[in-house]
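K.L.:
Could you put together the complete structure from these sequences and hints?
There are 2 protein chains.
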Amino acid sequence: MIDSKVQADSKLPPKENFSEWYHELLKTAEIVDNRYPVKGMAVWFPFGFAIRRNTYAIIRELLDVDHYETQFPLLIPEDEFMKEAQHIKGFEDEVYWVTNGGTSPLEVKLALRPTSETAIYPMFKLWIRSHADLPLKVYQIVNTFRYETKHTRPLIRLREITSFKEAHTAHETWEEAAEQVEVAVQRYSEFYRRLAIPFLISKRPSWDKFPGADYTKALDVIMPDGRTLQVGTAHHLGSTFAKTYGIAYEDPNGEQKLINQTCYGISERCIAALVSAHGDNKGLVLPYAVAPIQVAIIPILLGDKEKVLETARGLRQKISEAKIRVELDTSDERPGAKYYKWEMKGVPLRLEIGPKDLQKGVVTLARRDGIKKQIPMDDLLPSLVREAEVLQESLYNKAKAFAASKVKEVSTVEEAKVQANEGVALVPWCGSVECGHHLEDQVGANMLGEPQYQEFSQAKCAICGKESKGRTYMARQY
Amino acid sequence: MIDSKVQADSKLPPKENFSEWYHELLKTAEIVDNRYPVKGMAVWFPFGFAIRRNTYAIIRELLDVDHYETQFPLLIPEDEFMKEAQHIKGFEDEVYWVTNGGTSPLEVKLALRPTSETAIYPMFKLWIRSHADLPLKVYQIVNTFRYETKHTRPLIRLREITSFKEAHTAHETWEEAAEQVEVAVQRYSEFYRRLAIPFLISKRPSWDKFPGADYTKALDVIMPDGRTLQVGTAHHLGSTFAKTYGIAYEDPNGEQKLINQTCYGISERCIAALVSAHGDNKGLVLPYAVAPIQVAIIPILLGDKEKVLETARGLRQKISEAKIRVELDTSDERPGAKYYKWEMKGVPLRLEIGPKDLQKGVVTLARRDGIKKQIPMDDLLPSLVREAEVLQESLYNKAKAFAASKVKEVSTVEEAKVQANEGVALVPWCGSVECGHHLEDQVGANMLGEPQYQEFSQAKCAICGKESKGRTYMARQY
Numbered sequence: 000m001i002d003s004k005v006q007a008d009s010k011l012p013p014k015e016n017f018s019e020w021y022h023e024l025l026k027t028a029e030i031v032d033n034r035y036p037v038k039g040m041a042v043w044f045p046f047g048f049a050i051r052r053n054t055y056a057i058i059r060e061l062l063d064v065d066h067y068e069t070q071f072p073l074l075i076p077e078d079e080f081m082k083e084a085q086h087i088k089g090f091e092d093e094v095y096w097v098t099n100g101g102t103s104p105l106e107v108k109l110a111l112r113p114t115s116e117t118a119i120y121p122m123f124k125l126w127i128r129s130h131a132d133l134p135l136k137v138y139q140i141v142n143t144f145r146y147e148t149k150h151t152r153p154l155i156r157l158r159e160i161t162s163f164k165e166a167h168t169a170h171e172t173w174e175e176a177a178e179q180v181e182v183a184v185q186r187y188s189e190f191y192r193r194l195a196i197p198f199l200i201s202k203r204p205s206w207d208k209f210p211g212a213d214y215t216k217a218l219d220v221i222m223p224d225g226r227t228l229q230v231g232t233a234h235h236l237g238s239t240f241a242k243t244y245g246i247a248y249e250d251p252n253g254e255q256k257l258i259n260q261t262c263y264g265i266s267e268r269c270i271a272a273l274v275s276a277h278g279d280n281k282g283l284v285l286p287y288a289v290a291p292i293q294v295a296i297i298p299i300l301l302g303d304k305e306k307v308l309e310t311a312r313g314l315r316q317k318i319s320e321a322k323i324r325v326e327l328d329t330s331d332e333r334p335g336a337k338y339y340k341w342e343m344k345g346v347p348l349r350l351e352i353g354p355k356d357l358q359k360g361v362v363t364l365a366r367r368d369g370i371k372k373q374i375p376m377d378d379l380l381p382s383l384v385r386e387a388e389v390l391q392e393s394l395y396n397k398a399k400a401f402a403a404s405k406v407k408e409v410s411t412v413e414e415a416k417v418q419a420n421e422g423v424a425l426v427p428w429c430g431s432v433e434c435g436h437h438l439e440d441q442v443g444a445n446m447l448g449e450p451q452y453q454e455f456s457q458a459k460c461a462i463c464g465k466e467s468k469g470r471t472y473m474a475r476q477y
Numbered sequence: 000m001i002d003s004k005v006q007a008d009s010k011l012p013p014k015e016n017f018s019e020w021y022h023e024l025l026k027t028a029e030i031v032d033n034r035y036p037v038k039g040m041a042v043w044f045p046f047g048f049a050i051r052r053n054t055y056a057i058i059r060e061l062l063d064v065d066h067y068e069t070q071f072p073l074l075i076p077e078d079e080f081m082k083e084a085q086h087i088k089g090f091e092d093e094v095y096w097v098t099n100g101g102t103s104p105l106e107v108k109l110a111l112r113p114t115s116e117t118a119i120y121p122m123f124k125l126w127i128r129s130h131a132d133l134p135l136k137v138y139q140i141v142n143t144f145r146y147e148t149k150h151t152r153p154l155i156r157l158r159e160i161t162s163f164k165e166a167h168t169a170h171e172t173w174e175e176a177a178e179q180v181e182v183a184v185q186r187y188s189e190f191y192r193r194l195a196i197p198f199l200i201s202k203r204p205s206w207d208k209f210p211g212a213d214y215t216k217a218l219d220v221i222m223p224d225g226r227t228l229q230v231g232t233a234h235h236l237g238s239t240f241a242k243t244y245g246i247a248y249e250d251p252n253g254e255q256k257l258i259n260q261t262c263y264g265i266s267e268r269c270i271a272a273l274v275s276a277h278g279d280n281k282g283l284v285l286p287y288a289v290a291p292i293q294v295a296i297i298p299i300l301l302g303d304k305e306k307v308l309e310t311a312r313g314l315r316q317k318i319s320e321a322k323i324r325v326e327l328d329t330s331d332e333r334p335g336a337k338y339y340k341w342e343m344k345g346v347p348l349r350l351e352i353g354p355k356d357l358q359k360g361v362v363t364l365a366r367r368d369g370i371k372k373q374i375p376m377d378d379l380l381p382s383l384v385r386e387a388e389v390l391q392e393s394l395y396n397k398a399k400a401f402a403a404s405k406v407k408e409v410s411t412v413e414e415a416k417v418q419a420n421e422g423v424a425l426v427p428w429c430g431s432v433e434c435g436h437h438l439e440d441q442v443g444a445n446m447l448g449e450p451q452y453q454e455f456s457q458a459k460c461a462i463c464g465k466e467s468k469g470r471t472y473m474a475r476q477y
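Chains A and B are the protein sequences, given in the same order.
Just so it is clear: in the first sequence, position 102 is 101 by numbering that gives the first Met the number 0, and no numbers are missing.
Just so it is clear: in the second sequence, position 365 is 364 by numbering that gives the first Met the number 0, and no numbers are missing.
I should point out that these hints are in silico values taken from the structure, not numbers from a laboratory.
Quick caveat, the model's predicted, so the values are computed rather than measured.
Errors might be hidden in some of the hints.
As the list makes no split between identical chains, a pair holds if one copy fits it or if it spans any two.
As the list claims (entries may be wrong) - No more than 30 Å apart at the CA atoms, straight line, and that leaves these computed lysine-lysine pairs for DSS-like: (1) 26 - 82; (2) 208 - 108; (3) 124 - 10; (4) 108 - 88; (5) 468 - 322; (6) 38 - 149; (7) 38 - 108.
P.N.:
What follows is the structure, encoded as structure tokens:
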């Protein structure tokens, strides 16, 4: 089905109608099928799954440097789940419960993990004895569940998150854990850079941090409609869970001390961001690194057809041997229909080869950003690599220009209100919880929190008027 | 934790005490941690997970040739699950049910998939329209659940199977589906060959086929205690599910016809087989292809220590650049303790390098099968490749000799009884269901079914005495 025909009657709405465009594109380009008979749970089409595999391979590559992949059970016994009071409060309304096994009720109810702190940390208690066991850095990529009562949306708000990458680390000191939060933010930043997706980094306000965390840093992507999508979070957990689950280590002086922890996660929202950031009115636009098909070859079957085909087959062979994912489209459709199909599928580079190209010893290369050029046949492989790089650059620049156009500094609640309707408002904020709540109420948008790794000049808090260097992003959030 | 210290006080029982040996090895070599607070659900240690990742990469490689990976939801609504009567009968006692979301009961109960026919086939109904959509071959690697009332056993009998690879295919005709069953058996055979694990292939008796299947073929591995472990199954589903779910296609003449289906699966039992087939009294023995660490370098720090270390680092660099997974052990332990540790972890090739080796320009190579030799430093990489191949051969031969010693042809129920206590009895069987049941009762062992792809001479059925070429394997099964 990766190369199946795109239905000729599919009409992709223009990207300005983002919501319709998004839903139609997921279906037409065969990312996920939303017709599964449970709300908020979808099926990955083979093509969508291939994108996901390639995308998560990047996450693995970035984490495998110093994290170990592992896997913990899905089901968490009620008593373990209910130990950490702050954590329960954050999740109890959204937990699915298994109450029956076969035809009889279970003695202990089992929660479907909404996230895995309460499954993992009882094991950390067994694994960690001494400072020599620290730091401990593990991750898993698993399905998690939230009984969402809000409107669900494919890849964005789900009842089964099918590919939650959650990392959990344990450290000796609070400061080391804080450093790890920075490492997490850096790795996630690198991940989104490789997908050519720009993002905002902020520290969530205290009332929006992870339940049980000391603080939370988050990455947000600005979607085409100006709303933001949280696409990665990193939490400093301090010793809250260590205390609850009794996770201690013996320090070099023989003293027992509580560990300090972090956790950080990314879900298939990264695929939602990928689709939304780059797609256009013709369909998907995929970065070269994650495209299931990186190069499509379209033979123009005029004149000496057999010779054209033979050359096309030779090209496929050569490209495939260079470990590039290539597809030769020999179907009966006309070239135009094939262009349309592979554009819809987001294929980064298209090669057209016809009798005229043969004569000149060239091949016509069309990039998914619309640029077309002729390439000497004997410079093909280096050209593909080069054009892939240029395309990546071009995607990233376009996405960055869009993101930049959607963030504006404002001074007042009124301005913030207008801007938050368009995108992200950068609002002066003294930092007090009270002013924060007032801001959210009066602007009618969410606070993403303080922008990180940036300095600002003094300005007056949009609520209380106090001078400070504090700012907060405000936006309508998915 | 992949390179964490093996506890010095761990005492691996001899492999003759298979059950104790198996449990202790999983723990000491850090494959899975069975201390998770729900019976039958375990945690993958990082080292175990790395083995699993490498092993499943082989499955993916073998299937990706002509299958598409995909993913379907875990939760199946009760009405879909309950549609196929034969199937329900096979699973209803073992299904976990989600009945509550948050604090309120769900309108429709949701089953945790014990296997995914009832999740996938309603979607096949939407995906398949015409003969041009066939054959359709997809697979997924997911967690599945069985509320086992029998004794659970890590990697073997689980309540959460964490890595069930299930393939599902759809075809125009019954014959094409039958051919696909053969393809499945071939791919699984190749998979186990790459793991150097010998297996039996049989057609399960009709009373032991998959619920809803026309027939089932299975791969079994003979475990060290002579009991067999089912490690792969392939089912011809005919049109049973197609009828239930209304999955039809339009044939070239415009007629609507029911599809024919197969499904086939492998679970983490493949890791149980891997551990059990090759392990010895010193610990794990891993085939080179799946070992998380393929080569361990142990510097012998005598004489000019810095020079030894420098050379060892150079070796690591060189080996690592050749994409071989290598570990240089510079810990403070003595060489003997290091040998012990890496043997326990099943590392296929160990390199020892000391001042004497430096003088001679050699390095000492020790294979996990006990063979030790000196290798010229400048022939290192080719030697590693060669020795890995020889080791693979040696593992496979040893495993095959063991398996062969455990299968015996017998003529009578009495002989079968004796042999099934030791391993697998090959028993003359006329093929009738009645004689089959009598055999199981009288021998006190299970029928694996008719050996496949073998011819036998005439013999008298051990029950009714009728002459036939029929045979069945009988064994105590895990």
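K.L.:
When Cα atoms must be at most 30 Å apart, do residue 208 and residue 108 count as within-copy, between-copy, both, or neither?
P.N.:
within (28 Å within a copy, 33 Å between copies)
K.L.:
30 Å Cα cut-off: does residue 468 pair with residue 322 within a copy, between copies, both or neither?
P.N.:
This pair counts as neither: shortest intra-copy Cα distance 51 Å, inter-copy 50 Å.
K.L.:
Up to 30 Å between alpha-carbons, please classify residue 124 paired with residue 10: within, between, both or neither.
P.N.:
between (55 Å within a copy, 23 Å between copies)
K.L.:
How would you label the pair residue 38, residue 149 (within, between, both, or neither) given a Cα cut-off of 30 Å?
P.N.:
Answer is within: at 11 Å inside a copy they meet the 30 Å cutoff, but 34 Å across does not.
K.L.:
My question is about residue 26 and residue 82: at a cut-off of 30 Å on alpha-carbon distance, are they close within one copy, between copies, both, or neither?
P.N.:
between (42 Å within a copy, 27 Å between copies)
K.L.:
Is it within a copy, between copies, both, or neither that the alpha carbon of residue 38 lies no farther than 30 Å from that of residue 108?
P.N.:
Answer is both: 23 Å inside a copy and 13 Å across each meet the 30 Å cutoff.
K.L.:
Is the C-alpha distance from residue 108 to residue 88 at most 30 Å within one copy, between copies, in both cases, or in neither?
P.N.:
Both: 18 Å inside a chain and 25 Å across chains, each within 30 Å.
Against the hints set out earlier in the document, a violation occurs for number 5 only.
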